[in-house]
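Peer 1: On the provided structure of chain A, position chain B as indicated by the hints.
Protein sequences, first through last, are from chains A and B.
Each residue of the first sequence is one higher than the one before, counting from 1 in this note's numbering.
Each residue of the second sequence is one higher than the one before, counting from 324 in this note's numbering.
Rather than coming from a laboratory, the hints here were simulated on the basis of the structure.
Built from N, CA and C at the ideal position, the CB exists for glycine as well.
There's no promise every hint is true.
Among the chain A residues that face chain B by a calculated CB cut under 10 Å, a handful are [said to hold, decoys possible]:
hint, residue
1, 35
2, 82
3, 159
4, 166
5, 195
6, 301
7, 302
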Amino acid sequence: MSNRPSFEVGALSVLRPAGDEAAVLNELSWVLMIVCLTVFIGVMVLLGLSLRRNRPKLPASWLVIGGGIVFPVVVLTGLLLYGTARTVGLDRARPPDALMISVTGHMWWWEVRYQQADGKQARKDVVLANELRIPVGRPVLLKLESADVIHSFWVPALGGKMDTVPGRSNRLLITARAPGVYRGVCAEYCGIQHTRMGMVVVVQTPQEFQDWLARQARPAAPASGDAALRGRGLFMSEGCAACHTIRGVTGTSGTTAASQRGPDLTHIGSRLELGGVLRNHRGAMSHWIASVQGVKPGARMPSFWHLEQNQLDDLSTYLEQLR
Amino acid sequence: MSAPDPLLPNTLPRPADELVRLRAAWRPRSGLGALSVVNNSQVGLLYIVAAMLFLLLAGVLGLLIRAQLAVPENNLILPGTYNQIFTMHGTVMMFLFAVPIVEAIAVFLLPAMLGARDLPFPRLSAYAFWAYAFGGVGFFCTLFVGLAPDGGWFMYPPLTGSEQSPGLNADFWLLGIGFIEISAIAGAIELIVGILMMRAPGMTLARMPVFAWAMLVTAFMIIFAFPAVIAGTTLLEMERAFDWPFFIAERGGDPLLWQHLFWFFGHPEVYIIFLPATGLISTMLPALARTRLVGHDAIVAALFVIGALSFLLWAHHMFTAGLGTLSMSLVSVASLAVAVPTAVQVFSWIATLWRGQLAINTPSLFLLGFLFTFVLGGLTGVMVAVLPFNWQVHDTYFIVAHLHYVLIGGVLFPVFAALYYWMPVVHGHLLSERAGRWVFGLMFGGFHLAFFPMHISGLLGMPRRIYTYADGLGWNTLNLLSTIGAFVLAAGVLLFVIDLLRIWLRPRQEHDNPWNAPTLEWLPTESYSTRSIPEVSSRYPLWDQPGLAGQVERGEHWLPGTITGFRETLVITPRGTRPHHLAILPGDSWLPFLAAFGTAGFFLLMTIKAVVASVACGVLAVVCIVAWLWQTDQGGSRTVADIGERVQVPIGARGRWSHSWWGVVLLLVVDATIFAAIAFSHIHVAMLAVVCPPPGAALPAERAVWLACALFGGSSLAWWLGGIGRTRRVLSHWQVLPVLAAVGLGILGSYVLVDAHLLAGLSPRRDAWSATVAAMLSHLGLHGVLLGLIGSYMCVRVWQGLCGPRSVASYDNSSLLWHFSSVLGVVVATLPFIVTWWMR
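With the rest of the complex left out, here is chain A (with noise of 0.2 Å):
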């Protein structure tokens, strides 16, 4: 257990919101919550009177037209004028300074890959699985998709979910206000592991998130080290490049078919997290890959299991110094 991600109370709750528009949504539910309580309450009251043996006379059609029809229609009426208002911001087509990303939903992972400036055409060279980087204060337009079937989007801290699917392009806008690490799940059931379909979301100041970008844009770092030499060696001879690709050692992603079925490894010693479902720390590798069914039963991926520990540890080496 000491490999799965320690999580906070309240990672993913409705009501610690971290970003704009997360805070509307906040503001919104607890207004909801206090109007819904307080009609229950009064309903309730009205109830318990009915009950009682020397209760004051009320004329009926008092309580079916006051009650009925008209408390409810002022009542909604305002809750709707107020969260139609509140949320029109919220819909904005696209930001003029906005960062554009792009997130792919598969079984049972989510791709991310940067937009160039202009928004248009995606970047080559940064593609990340379950993690999602962005810069505090500016505005994100993410725009959603899926490789296979419906997924939805959520990262409760930072807004609200927008589902991914075939042959459509959704879309949604975050901002997010404080630095840190934010945790976001699969919302809409996706089969087997829609349960371990998790990813990060880390907010840095722009500062850090520029440099970031930069070093992911570079190709892998090359092997130092004969254990990584090895390991190198191995992933080649195992067959990883047919479903993963690491820059600059097996081609180039989104060029090729590889890059549609699993990750992307350029980078993976930078990741915080493994597969959505462990920390990615030392032993975590080799644990992921010598029993992924073990750890995320029904992926995609096979449990390399006949790997000696040797071998386990030669390739973990090597892929944790893709940093």
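Peer 2: Same frame as chain A, now just chain B:
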């Protein structure tokens, strides 16, 4: 004993053998023959028992879900199995419990509540019940062999398409639902015609109990909502079986098309379950609170408004699908608007409680439990109808909590109140009041312990449909509480079952009226319902018509015996003021049972590709149905019946006075709505296509299409000729010729149309546009096969001299089907042209 009232329809004393003959006509078969009973109050009882069994089975699945989620990272159930379990829990609860139980209660209670001897189509009810029972049990058993569906109860493609779900699991869902569709629609037709035509004389619509109103609205909703899911499941099954890409985006299909079709059914479905429950509440409340219902008219109006609004807000299940904020805002307004008529009902009930004095007993406790839980569930419904809030809580445990508050609080609690309240009508015995309070306490307490924490776990971000969850997110305690609560709730249900078995083993006895209830089902009854059919002059007849029970039981009201020796009931005039004619109802028969067995066998065996056995079952079903139809339309020797001292009515009726004619009309409404859903699919994918028709596809030659339309018209003309003069004389032998011509012209028209499409290069696998055209042609083809059968059947009847003034229903009703199909043919032929022109 009071003196005979000269104003009553019949006088005393009654002839000695009258009651004996009445009993003989209605005596249900016993022993093994009990399986062949068709009387709705007996079938209704079987129906209720079967639905309750599915409640228990699906409840056990719910407990398994809760056991797995009791602690984080639990390994009790494998992920794949868990996915099958939650899919089956939802599917069985919605399709095999909730819809059947409300129809079952209606079928059981309404004949007595309306003062009818039976509803109009007893054999159809028996068929619907057995199709449901066989199909439901077969469907449930797939769980034991690991073949149960695992795509969630709304089965979104592409996850459920053949690429991602190659196994039989999804097919079992698509076909398993078929049985429920059949039985729900059959039940709806039965209820509409029964409620509108077979009430006791004097029971005008204004005097009808609210439960009957609720079922009337519900039945109409079923008629319009279920066709969408029939079309949807058929299209998905065709996609899986033949690779016709309705929902595959790469070939021009759209996964969201399924969501539109499913929720166009799925949202009204919620109200289809809920409205009858409110009807039960409104009907029990006056007796329990000892006063008349406040706002009766407002409640009835609210039922209609809710029924209509529920068809406008299917898209509120798709708020996160990216359909655009503006259009979704309109859906949001409609969703909020539903709260108004619902509030009208709630405040009318509170006003009734305010005016009366509620006696505290088990039914009234469940009624209060309903109000408490449902108001809370309704308010969370208001919350999720607000778009931005929905974006956060959609597909989380907040929704799981909301839907269980609405369904358990809004439906299960009223159903339990009804079971406690009406149990004497079933068996003559009340359930234990002491145990009942425990049952209520355990169920109510367990329910809130189980489901209230889910609101919080949902707000803390717990998505639905996950088989386990990580430690440390703050969900652990909440989930453990939910699990404990679920088992407490189950303990309450178990105690109920034990108490039920206890009284079930007692001998049946005549029921009295323990709640001093005002409605007709509390009159003394036997298998023939009441001895005589009461003349009703009030909305609360047992309160306002003193001595009614005695008069009815002595046979002083309408039809105190059987005139023809068969089962009979009265059909009233549209305003319900007086009897119009006597309808003869069919008696017990094995045919519906065997036909249902054949139907279920056909679908289940076809799913596992046992083709020979499957076809054998299909033939059995068709043969049984034909034999059943043959028996039903037999003219008797009498034409008029003395149902009262001075009142004679005709026996049987034709055209719009005949219940079977209306049954067929309603069936055609269903048929037309199914076609409308397929046509909607065609328009939907046509609008998505960049050019229409898409590259490679083409419209057929116009001349061939006009020829096909002309042939369909000719077919209808020939059919009309074949039936000329049937109301005055028995049809002559020569009239077989136009009937045969009608069959031939219809088949020729279909052939010309299909051939024109094939010549134009129709290839349903290539793109969704072609697939939808092929689906419309298939729908037409099905009518071709059906009319071929009907045409041959009618030829035999005409030749045998069985079509004439005394047995005119077969030809009348077939005519409806015939002309409808011709119109359908013309629409199928021309729709692709119209859509293409419109798109240009």
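Peer 1: It remains to establish, for every hint, whether it holds in the given structure.
Peer 2: Do the hints match the structure? See the list:
1. 35: 9 Å, holds
2. 82: The hint holds - residue 82 (chain A) has a Cβ within 10 Å of chain B, the shortest such distance being about 9 Å.
3. 159: 7 Å, holds
4. 166: 4 Å, holds
5. 195: Constraint on residue 195 (chain A) satisfied, holds at 4 Å.
6. 301: Constraint on residue 301 (chain A) not satisfied, violated at 16 Å.
7. 302: Not OK, violated: residue 302 (chain A) not within 10 Å of chain B, min 17 Å.
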